[in-house]
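S.K.: Each chain, letter by letter, is given below.
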Amino acid sequence: MLTRIRLTLKQHRFETIAVTVVCVGLTVAALIEAYRLNSLNVPLSCLQSYQGGYMGPSQGPVTAAQAHCNELAKSFNDMRGSLDMNLVQLLLLFAPILAGIVVGAPLVAREIEQGTAPLSWALSGSRRRWLLGKVLAGVFLLAPLMLVVGLAANVLEGALNPGLNPYASFSNYLGRGVPDVFWALAAFAGTFALGTVLGRTMPAVVLALVVCFFVRATWDAGMTHFVLRQFAVQQVQQDQQQQQGYVVYGPGGPGNADMYVYYKSFIDGKEVTDAEVNAWYNQNMVCVPMLTPSASTSPGDSGSSGASSSPGAPATPDKQGSTMGDNGVACQGPNIDPSHMPQPVQYVIPGSWYWQTIALESGLLLLGSLFCGAIAFVWVDRRRPY
Amino acid sequence: MALGGGASTGTAALAAHGLSKRFKKKIALDKVDLSIPAGSVTALVGPNGAGKTTLIRVCMAFERPNAGGVEVDGVDPWKHRSEALRRVGYVPQTPAVYRGLSVEDHLSMARSLHSGFDSDYARRRLDQLGIPLDQRADTLSGGQAAQLGLAMALGTRAKVLLLDEPLANLDPLARREFIQVLLDAVKSDGSTALLSSHIVTDVEDACDRLAILGAGKVRLDCPLEEARQTHRLTEADSPPPGATAIGSFLGKGGKNIMTLWRLAPGDAAGEALETASLEDVVLGYLAAGRGTGLQLN
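Keeping their order, the protein sequence lines are chains A and B. Counting along the first sequence from 1, when you hit position 351 you're at 351 in my numbering, and nothing is skipped either side. Counting along the second sequence from 1, when you hit position 222 you're at 222 in my numbering, and nothing is skipped either side.
These are calculated hints, taken from the structure and not from any lab test. Don't be surprised by glycine CBs; every beta carbon is placed ideally from N, CA and C. Everything hinted at is true.
Selected chain A positions facing chain B (Cβ under 7 Å, derived; list incomplete):
no.: 1; residue: Thr3
no.: 2; residue: Arg4
no.: 3; residue: Leu7
no.: 4; residue: Thr116
no.: 5; residue: Pro118
no.: 6; residue: Leu123
no.: 7; residue: Gly125
no.: 8; residue: Ser126
no.: 9; residue: Pro385
Residues of chain B clear of chain A, computed beta-carbon distances all greater than 10 Å:
no.: 10; residue: Ala12
no.: 11; residue: Asp205
no.: 12; residue: Ala264
Part of the chain B face toward chain A, derived, beta carbon under 8 Å:
no.: 13; residue: Leu85
no.: 14; residue: Val88
no.: 15; residue: Leu101
no.: 16; residue: Met109
Throw the hints in and build the complete structure from the sequences for me.
M.R.: Here's what the structure looks like:
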C-alpha cells in the first residue's frame, strides 16, 4: 500500500508540489502577518476604547497617553484592514477547498482520460483496493498540510483579536484550526467522486468548485438553523459595555467568543414575536436618525462566523429607555421603565463549547466525505475504464 | 455460424457462448461462439469495428455482455472479476504508460496491484531488450512502451494473454521484436494468447490459430494451417468442383474479381489448385460478411 501511495503522489507530482508549496507559503504568510500584528504590542485597553476612531463615552480632553494609545490602535486596525492581511485571510479561508479540489480531480479522471485505467484495472483484481491506495495518498498529503495551515490560521486569528483564545472562541472558527482538515477532505472526496463519475478532470473541477463553494457559503446558516439551534443556551450578560447598551464589537470583545444562534424577545416576561416587538415600538417610541456610536462600522467584526455580535442580533435597550438599531436610528420613549420594554434574549453556543462544536461539525464534514467516497467506490467498480 | 473444425479440441482457455454486446443501436458482438484452446496463439482478425476490442474488453470485465457470456480459464470475469483477472495478462490497444513514472515504477506498481506479479521476470525481459529501468516511461519509443506493456502482462505469469492490437502503432522491426518476445514467453510459460489485429501479415507467422471476426460475428475459427489448406482462390468464373463459395473481392492490381472457395473434404481437384494466402482467406470471409461480394484488397 505504501508503494501505491508513493507512486500515486509521484504520478500526480504537479498537484502534490503545487498544493504543498501553496500551503507552506500560506502558513509562512499567516505567521508573518501574525508576528507583525503582535509586534505592535497594542494594549487591549487601547483596542477596546478605540472603535473605528470613536473614543467611547468619555468626552474629556485627550491626554498624551490616550493619543499614543489611539495611535497604536489605529496602526493595529490599519494593519488588520491592509490588503495583504485581507488576501492572506481570504486564501486561508479557501485554501482547504481549493487544495481538496486540485488533488481530488485528477485522481481517477486523469487515469481514464490518459488511458492508464485499463492497465491498472487489469492488474488489480479489486478496483476498490486500487482506488483506496489513491485515496489514501490524497489523505496523507492533505491532512498534515491542512492541519499546519489551520494552526497558522489560529495563530493569525489570535493576533487579529488580542485577548481572544482561538480555542475557546467561534470567531471565524470554520476558517481555521482543525476544520480546515475536514473541509479539505470533504472537497477532496467530493471532487474525486465527481471525477470517477464523469471520467473527465476539467468538468469535475468546475462542478466541484460550484458545489464546494455553495456548500461553504450555506454551511453556517444551515448549521445554526438545523443543527446547533437545539444546543444553544441563553447568553450570560457578561460584558459591562453590553449592559450599558453597546453591542460589543472589536478585538478582545467577549461577544466574539460565543456563537450567536438565535434570539427571542420578551415583554414583561412573555415571549413575543418580532412583529409584536415592532408594534410595541411603533406604539411607544419615537425614532429619529442619529449619529450614534453603534452606527459606526466596527473594525473588529471581520465576518466572524456566527459570533454573538452578528447582524442578526436585535437592538438592545439601555437604562434610559433608548435603543439603537443597526442603521443608526435611535428611538426614545417618554418615561418608560426599561424593565417593561421588549427584552431580547440571545441564544448562543458558548465559546467554552468550542471543541465539542468543532468535533460535531468536523464529524458532519467527515460523514459527507465518506458518503462521497462511497459513491466513488461503488461507481469505480461499475464504470468503464475509458 | 462460424466455420472451422478445431474449436472443440482440447481444453478451452477462453470460451464465448452466444456472446452479444450492443452499444445503443450498434451491435458490436452478435451471438459470438468462440473457443480458444489452451496453449494456442490465436490471431483475432477483423476490420476496424468488427468487435475485436469489445470481445477482449468483455473478457477483461470492462464491458458487461448483453447476452451470453465468456469464460477465462473456466471463470466468468463479470461474476468473479478478481479471480478471472488473476488468470489474465492484458496489453491494451494503445501503449498506455504513466507519464512521470519510470519503467521501474511501473513494475513496482504492478507488483503492488497484483500479488503474483513476478518483477524479476519482467525486469529480465526488459533488460534483454535494453530498456533502461530508470527511464521515464513517457520518454520511451512506441516500441519500447509496447514492450513495457507486454512485460507487465507477462509478469503476471497469467495463463491467458489478451493483446488488443498491440502492433498497430509499431514499426516493422518493433513488431517483429514484440512478436518474438511474445512467442518466447508463451512457449516457455505454456500460456495461451489471443492477439487481435486488423493486419493479417502481422500475425501470420506468430499464430497457430485464426479467428475471423466481421460485423460482430465469428466468420471462421480454426487452426491456421487448416485455414490455408481448405481454401482456394480463383477467378469468379472458374470454381473448383464441389467447393463452397465464401466471398468475392477485388483481386490484387484491381483487375479481376476473385472468389474464395472452401473445399469439400477429399476434393482432390480443388487441392491441386494453389492454396490461398491467409490474407485472401480473411478478405474472402470479410467480403462474405458484408454481403456485397466486393472487397478492396
